Amino acid sequence: MNWISNYVRPRINSIFSRREVPENLWTKCPECGTMLFHRELTDNLNVCTNCDHHMAITPRERFKALFDGGAFAEVEVPAPVVDPLQFRDQKRYPDRMKAAQKGSGETEAMLVAQGEMGRTPVVAAAQDFSFMGGSMGMYVGNAIIAAAQRAVEAKAPLILFSAAGGARMQEGILSLMQMPRTTVAVEMLKEAGLPYIVVLTHPTTGGVTASYAMLGDVHIAEPNALICFAGPRVIEQTIREKLPEGFQRAEYLLDHGMLDRVTPRKDMREELITITRMLLGLSPAIKGDLPPPKPEQAEDGPQGTEEAPAEEPQDAVEPKTA
Amino acid sequence: MNYLEFEKPLAEIEGKAEELRAMARADEGMDVTAEAAGLDQKAKAMLVDLYKKLTPWQKCQVARHPDRPHCKDYIEALFSEYTPLAGDRNFADDHAVMGGLARLGDTPVVVIGHEKGHDTKTRIERNFGMARPEGYRKAIRLMDLADRFNLPVITLVDTPGAYPGKGAEERGQSEAIARATEKCLQIGVPLISAVIGEGGSGGAVAFATANRVVMLEHSIYSVISPEGCASILWKDAEKMREAAEALRLTAQDLSKLGVIDRIVSEPVGGAQRDRATTIASVGKTLETLLADLKAKSRDDLVKERRSKFLQIGQTGLAA
Ligand SMILES: [Zn+2]
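For the record, the sequence lines run as chains V and P. When we follow full-length UniProt numbering, the leftmost residue of the first sequence carries the number 1, and every step to the right adds one. When we follow full-length UniProt numbering, the leftmost residue of the second sequence carries the number 1, and every step to the right adds one.
If you're looking for bench data, these hints aren't it; they were derived computationally from the structure. Any given hint could turn out to be false.
Capping the alpha-carbon separation at 25 Å, the derived lysine to any residue pairs in SDA-like fashion look like this [said to hold, decoys possible]:
1) V:Lys98 / V:Glu61
2) V:Lys28 / V:Thr49
3) V:Lys190 / P:Gln311
4) P:Lys256 / V:Gln86
5) V:Lys28 / V:Thr42
6) V:Lys28 / V:Glu61
7) V:Lys190 / P:Ser307
8) V:Lys64 / V:Asp83
9) V:Lys190 / P:Leu145
10) P:Lys256 / V:Val82
Quick caveat, the model's predicted, so the values are computed rather than measured.
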C-alpha cells in the first residue's frame with residue numbers, strides 16, 4: 001500500500017483545504033535553481049537558503065519581520081482620483097489596477113506603517129514591486145507624503161524601502177510630478193531633524209531613484225539589487241557596447257559612492273535599529289526579537305496585524321506505517 | 001524651411017508658388033503675380049488650419065523642430081551681460097546645460113537651460129540637450145549662488161531627457177537629478193521655468209520645480225517619450241501617436257491638469273516660423289511673472305512652491 005497516495009495525500013489536502021494554501025508550495029530560486037519549500041523561504045525572508053539570492057518580499061511580510069513582534073499600525077493614505085488622465089493603452093488603466101489589486105490583495109503599490117523596531121518608534125513605507133512594478137503614481141506620492149507627515153507628528157524616523165520600475169506611465173505627467181512632491185516630503189523630515197533612511201531593494205529604477213530614493217540621510221541596499229536611472233538595456237542601445245559585469249548592481253553603486261552600505265536582508269532590522277538609535281541619540285537597543293509593544297507604550301496603539309498562528313501541520317504528515 | 005511630415009500639403013503649395021516666381025524671374029514676359037498671390041493665400045489659410053488642430057503627436061514634432069529657437073537663442077535675445085559660469089567643481093562642465101549670470105531687463109538673475117544645438121557639430125557638442133550628472137550639479141551650484149546673493153532664477157527647459165550613458169550612471173545621474181529637484185525646492189528666491197520645446201521626464205523636473213511654470217503653446221512635457229511609452233505599453237514603438245494622445249503631454253492638457261501656470265502663444269505655424277516673435281513673447285511673460293514674484297518674501301517663495309507641488313494632481317482632468 002502506498003502511504004503517500006492513499007493516506008498522507010488526503011490528509012494534506014484536508015489540512016490545507018481548511019487553510020489558505022499557497023499556490024506554489026515550492027519556489028525555484030531564479031539564481032541557482034534550488035527548489036525551496038515555501039515555509040523555509042518565508043522563514044528566511046524570501047532569501048534563497050542555498051545561494052543567498054534576495055527575492056522580492058511584500059511590504060506586509062517585510063513589516064512583520066521589521067516591527068517588534070510583527071505588530072504595526074497601517075497609516076492611512078489619502079486616495080487619489082482614479083484614472084486621472086482617463087488613460088487608454090491596449091487595456092484600460094482601471095482594469096490594470098483591478099487586476100493588480102486582485103493579484104496582490106493590496107490597494108496600491110505602497111504600504112505605510114507605524115510601530116516600534118527594537119523599541120524605537122518608527123514610521124516605515126515599503127514599495128510593492130508586485131503591484132504594477134511598484135510604479136510611482138499619485139498614490140505612491142500620497143503615501144510618501146503621509147508617511148513623512150506621520151513621522152513628523154510622531155517625531156519618529158522614516159524608513160523607506162524602495163522597489164519600482166519607475167513612474168506609473170498611465171498617470172502621465174502626474175506620475176512625473178511625484179518627483180517634486182515626494183521631495184517635498186523628504187524636506188519635511190529634514191526640517192524636523194528626523195532621520196530618513198532609504199533601503200533600496202531590487203529593482204529601484206527611473207524617476208523613483210531620481211527622487212526620494214536618492215535623498216536619504218543613509219542609503220542601504222540589499223545585495224545585488226539593480227539600482228539605476230536608465231536601465232541597462234536602454235544604455236546598451238545608446239552606447240552600443242556591452243556593459244561590465246555587475247553594472248548598476250548594489251555592490252557597483254557602493255564602489256561608485258552612491259550608497260553607504262549593502263546589507264543582507266537578515267541583518268537589516270538590527271542595522272536599522274543601530275543606525276536610527278544613534279542618529280536619534282538614544283542608548284543602544286536590546287538585541288534580538290522583541291514581543292509587540294504593550295498597548296500603553298505605543299503611541300496611537302499599533303494594532304496587531306498578525307493572525308493567530310495556525311496549527312502546525314508538520315506532525316500530521318509524518319509517515320505512518322500500516 | 002524644414003517641413004514636418006504633416007506639413008507636406010503645405011510644402012507643395014508653397015513650393016508651387018515659389019516655382020511660379022522663379023519662372024517669372026527667368027521670363028520677363030510672364031506675369032504670375034495674381035496666381036502666386038492666390039497660392040500664398042491658400043498656403044496661409046492651410047497653415048492656420050493645420051496649427052489650429054495639431055494632434056498631440058504633431059505637437060511633439062513641432063516641439064522638436066530643429067528650427068525652433070533654443071536656449072542659446074533666448075539667452076542671446078532676452079538677456080544682457082550674459083556671463084556663463086561653468087563647471088560642477090567636481091568632474092566637468094556639461095555643455096548640454098547653459099548657465100550663468102545675466103540681466104533680464106535691469107534685474108540681475110541666474111539663467112539656466114538645456115541647449116540642444118542647431119547643427120551636427122553643435123548638437124554633438126551639446127549632447128542633443130541631454131545632460132549628464134555634471135549638468136545637474138552645475139545647475140545646483142548656480143541655484144546656490146542665486147540663493148546666496150538673492151538673485152531670481154530663470155530656467156529654460158528643452159531636453160529629450162537625461163543622458164542614458166554608462167559614465168552618467170556611474171557618476172550618479174539619479175542622485176544628481178534628485179538633488180537638483182531638491183535644490184529647486186529649497187532656494188528662497190523666485191524660480192520661474194519656461195518649457196520652450198521638450199520637457200523630457202526627470203531631466204526636465206530637475207529644472208522645472210519652480211514657483212511658476214510656463215509652456216510654449218506647442219511644447220510638450222512628459223514622463224516618457226511617446227516612442228518609449230509605445231514600446232513599453234503597446235509593445236510597438238510605431239504606436240507613438242496613440243501614446244502621445246494617452247500621455248496628455250501638451251501644454252493645453254497640462255494646464256487643465258493644473259501642472260503649469262500659463263501657456264505662451266506661438267505665432268501661426270509655430271515658433272520655428274517666427275523665432276523673434278516667439279522669443280519676445282516668452283520674454284514678456286518672464287518679466288511679468290518675475291515682477292509679481294519679486295515682492296514675495298524668501299519664506300513665502302519656498303512655502304508656496306512646496307504647497308503648489310503638493311496640490312498638483314488632486315483633481316485629475318476635472319481640475
Ligand atoms: Zn539560490
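These are the hints, each one checked on the structure:
1. V:Lys98 / V:Glu61: holds (22 Å)
2. V:Lys28 / V:Thr49: Between lysine 28 (chain V) and threonine 49 (chain V) the Cα gap is close to 11 Å, so the pair holds against 25 Å.
3. V:Lys190 / P:Gln311: holds (20 Å)
4. P:Lys256 / V:Gln86: holds (13 Å)
5. V:Lys28 / V:Thr42: holds (13 Å)
6. V:Lys28 / V:Glu61: holds (19 Å)
7. V:Lys190 / P:Ser307: holds (16 Å)
8. V:Lys64 / V:Asp83: violated (31 Å)
9. V:Lys190 / P:Leu145: holds (22 Å)
10. P:Lys256 / V:Val82: OK: lysine 256 (chain P) and valine 82 (chain V) at ~17 Å, within 25 Å.
In summary, the one numbered hint that this structure violates is 8.
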